[in-house]
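**Q** Residues per chain are reported as follows:
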Amino acid sequence: MNEHQQSLWEFMSQQSDKLLTQTMQHIGLTFISLFIAVLIGLPLGIWITRKKQFSGTILGIAGVLQTIPSIALLGFMIPLLGIGAKPAIVALLLYALLPIIRNTYTGIIGVDAAVKEAALAMGMNKWQILFKVELPLAMPVILAGIRTATVTNVGVATLASYIAAGGLGEFIFGGISLNNTNMILAGAIPAALLAIIFDFLLSRLQKFNFKKIKTATATLPLLLILLASLYFIPSAYGGKLTAGFTPEFMGRQDGNLGLQNKYGLKIHTIVISDAVMYKAAYENQLDVISGYSTDGRLKAYNLVVLKDDKGIFPPYYAAPIVRQDALKKFPELEKTLNLLAGKITDSIMTDLNYRTDYLHQSPEKVAADFLRSNSILKPSRNGNSGIVRIGSKIFGEQYILASMYSLLIKGYTDYDVATKTGLGGTKICFDALTNNQIDLYPEYTGTGLLAILQPSSKAIDSLILDKNKTYNYVQREFEAKYSIEWLKPIGFNNAYALMMREKQAKKLNIKTISNLKRYLESK
Amino acid sequence: MITVEQLSKHFGNVKAVDGISFEVEEHENLVLLGTSGCGKTTTLKMINRLIEPTAGSILIDGKNILEQPPEILRRGIGYVLQNNGLFPHYTVAENIAIVPQLLKWDNKRIEKRIAELMEKLHLTPDYLNVYPNELSGGQQQRVGLARALVADPPVLLMDEPFGALDNVTRAKIHAEFKALDELKRKTIIMVTHDVQEAFELGDRICLMDKGKIIQIGTPAELLFKPANDFVSGFLKEQRLQLEFRAIRIRDIWNWLPPAKVNAKAGSFSADSDVWTGLEKTKFGESANLNITWKEETKSAGFEQLISAFYQYQSNKRA
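Sequence lines, in order, name chains G and R. If you're matching positions, the first sequence starts at 1 in this note's numbering and goes up one per residue. If you're matching positions, the second sequence starts at 1 in this note's numbering and goes up one per residue.
Hints are supplied without guarantee of correctness; some may be wrong.
To be verified - Only pairs whose alpha carbons sit at most 35 Å apart, straight line, appear in this in silico DSBU-like list of lysine-lysine: (1) G:K126 to R:K108; (2) R:K212 to G:K52; (3) R:K108 to G:K52; (4) R:K63 to G:K51; (5) G:K467 to G:K506.
Simulated from the structure, these hints should not be mistaken for laboratory data.
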C-alpha cells in the first residue's frame, strides 16, 4: 500500500505540468459553462415566475436535457459545433440549466406573499421589487441551485476530454484505457477535490449574510469570470497540423510515446475519444488521428493510413485461437477454421467493417456475402455431433469473424455452433476461453503479446518489428502456458495507424510518418 | 376625501364586490366590517390598485386614482398589512426608509423622520439596526405602522392591522393607536372582522356581506338603528359591551349627577365612550373622574356612569 501511494505521488509530480494544465482546464470548463448557464438560467427562471403558463414547459425541457446521458449529449454536439471547447461548454451549460432555472423559480415563488404585497403597496415598480425584494430573498435558494450545478459540472466536465476539450478526464480515461491506476487516480482525486472544495466554498457563500446582498451580487459574477478565464490561459496553442489521439494512444510506448522517441514527431496534439475522432478528421477539425488500420470509418470518411516506415506499431495480425482440448474434441475444426486463412486483407477487412459500422448491415449478412463471393459458403448441414462455442469481443470486426466461423462450421462439419459474442474485452474473452466457457475466438498477435503475455520490454523490442517473429512467439508461448493454439492468420493486420484525409495527404505529399515529420519541420 | 362609486370586482363568476358606493370624509376613520369573503379586503385593495376593479370608479380628493401610475399613487397612500409584510432582509430603519427612498428624500431628512416616528411609537433607537425577526409581534406591527406613516401620506389603508396579535398586545396597541396624533390628520380605511375593534376605532362602520354594503353609519346608528336583521344579528352577541362602546360620555351628560370637582379624581374627556370610562373608574388610579364638557365639569364614579347610561337608554326607548 505504502509503495502504491508513493508511486501515485511520483506519477503526479512527474506529470505535474500536465496535471496543472488539466486542472486549470477543468476549472475553466466548469465555470465558463456555469457562468453562461447563470446568464441564461437566471433570467429564464425569473421570466417563468411572471409567465407561469410557461413554467411547466421550460422546466420540462430543462429536465429532459438533464436526463440525456452526458456522452450522448456530447455526441449530439459534434455535428453542430465540432470538437473541442465549444461543444463541451454547451453540453455542460445545458446540464447546469435545470438546477439554476428551477431554484430561481422556486426561490422567487417562495418569497412571502405579504412581503411582495407590501413592496407593491409602498409603490415599488416591478424592477425594484425584483432587485430589492425577490432576488435578495430568493438568493439562498438560487445559490443552492448554482451549487448543485457546479458540483454536477465538475463531474460531467471529466467527459469533456472525449471531445478534445481537455480537463482531468484526460488522465481518468487514459488511465482506464491503459489500465494505469495511478493515472486514473491522478485525474480522479483532483476532480473529486475540486467538487468538494467548490461545494464547500459555495455553501459558505450561501450562509454568507445574504442581507448584505450588494457585496454578494458583485463578487459572484467576478469570481465566475475569473475562474472561467483559467480555461483560456493554458489553451493558447496553435500549429500547422492538429493531431487527435485517444487517451490510450497517448500513453502507450507503441503509440504517441513511440512517435516522439523513434520518429521525433512533434505535433500539436489534443486528446479525444475514438468514437468521434474519425468524424472530426473528416470535418477538418483534426488533420492526423490515431486509428485502427481496418476500421470501417477509414473508408467512410476517405482517410488514408500513413506508412509506419520505422515500424513502431507492432503487428496485430488476427487469427483464431482455440483451446487444444477443443481441437481434439472436434477433429474437423482446425481444417474448417483455416478455410479463412490468408483470405482477408487489410482493405477487404476495412470494407467489411465499413458495411457493418457505416452501412449498418448485419454482421451475419456481411459474413455470408463475403463467403459467397469467395465460393466457400455452403448450406448448413444441421449437424448435431457436438456444439462448438465461438466467442467474440464487443466490436463489429469480431462479430463478422465470429459469424464467418459459425457459417463455415455449420456448412463444412456436422457440429452445431453456439456464439457468445460481445464479450467485454480481451481479458473477459481470454478468461472465458481458458475457463472452458468458449472454445475459440479471434485474437490479434499484438494483443496476445502485449496484453496477455506481457514479456519484458527487451523481449518486446526484439519481436515487435517482425510480424512472423511475433506470431511465432505468441504461438509458442500460448501453447506452453495455456494449452491454446494459434491457427493460421486470417491475413489482415489491425494495427494502430496514423491516418489523414486522403486529399490533404496527397496535397502535402505525405505518405509515411517520416514524410509527416519532415512536413511539420519545414517552414 | 375618498369617493367610491358603483365599484365592482368579479373573479370569474364570483362577484367579490358588487356595485358598492360610499364616501370617506377627510380625517375620518371608516372601518370595513364583515365576515371572511364579504369583499372588504378586495374593496380596500382596489383603493391603492393592488386589485384593479371590474367596474366603477374611486376618487381621492376628486381625482380618479387611474389618472396616475399605480406606483406614484401608492407612494402617497400608507398601507398596513395583517402580517406586517416587513422585509426580512432589511433592518428596522431600512424598512421604515423604503418609501422616503422611493420618494428620493435626502438621508438626513429620512433619519430625522424615522427618529421622530420611533419615539411616537414607543420604539427605542436600539431597534433601528435589528432585523424584524428579532422583534416581538407588537413591535413588528408598530414598525409596520411607522413604515406606512413615514412619508406622512394623507390616506392610510389598514388590512386587519391588529389581527395577528394576542389580546393583551392588541389592547395596548389600540390605546396607542387612538392616542397617536399623526393618525388624527389621516383619512383611514381599516378592514377588520372584529366587531369590538370596529366599534372601538371606527368613526363610521361599513358592514358588508356578499360583496354588498348592508349598512354604513356610526357605531350608535348600527346598534340602535339597524337597517335589517342581518345587522342586529351581526352585533347581537356582544351587544351590551358594544352599547357601552357606542355611547359617549357627552351622550349621557344630562343624567350624570351635578357634582363638585373632586380633587383626587383624574380628568377625563367627554368624547370618550362609556366603556373606557367604566374601565378607568374600576381599574384606573382613582374611582372618580372629573369630566369637562362645554365648560362645565362633573365628577362621576362607576355607579354614576352606569346609572346615567341606563337612564339614557330608557329615555331613548320611551
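**Q** State for each hint whether it applies.
**A** Outcome of the hint check:
Restraint check for K126 of chain G and K108 of chain R: satisfied, since their Cα atoms lie roughly 27 Å apart, inside the 35 Å limit. A hinted pair counts as satisfied when its Cα atoms are at most 35 Å apart, and K212 of chain R with K52 of chain G qualifies at roughly 33 Å. The suggested pairing of K108 of chain R with K52 of chain G is violated, with an alpha-carbon distance near 42 Å, which exceeds 35 Å. This hinted pair checks out: K63 of chain R and K51 of chain G have alpha carbons roughly 33 Å apart, not beyond 35 Å.
The suggested pairing of K467 of chain G with K506 of chain G holds, with an alpha-carbon distance near 28 Å, which does not exceed 35 Å.
Checked against the numbered hints listed earlier, the structure breaks hint 3 alone; every other hint is satisfied.
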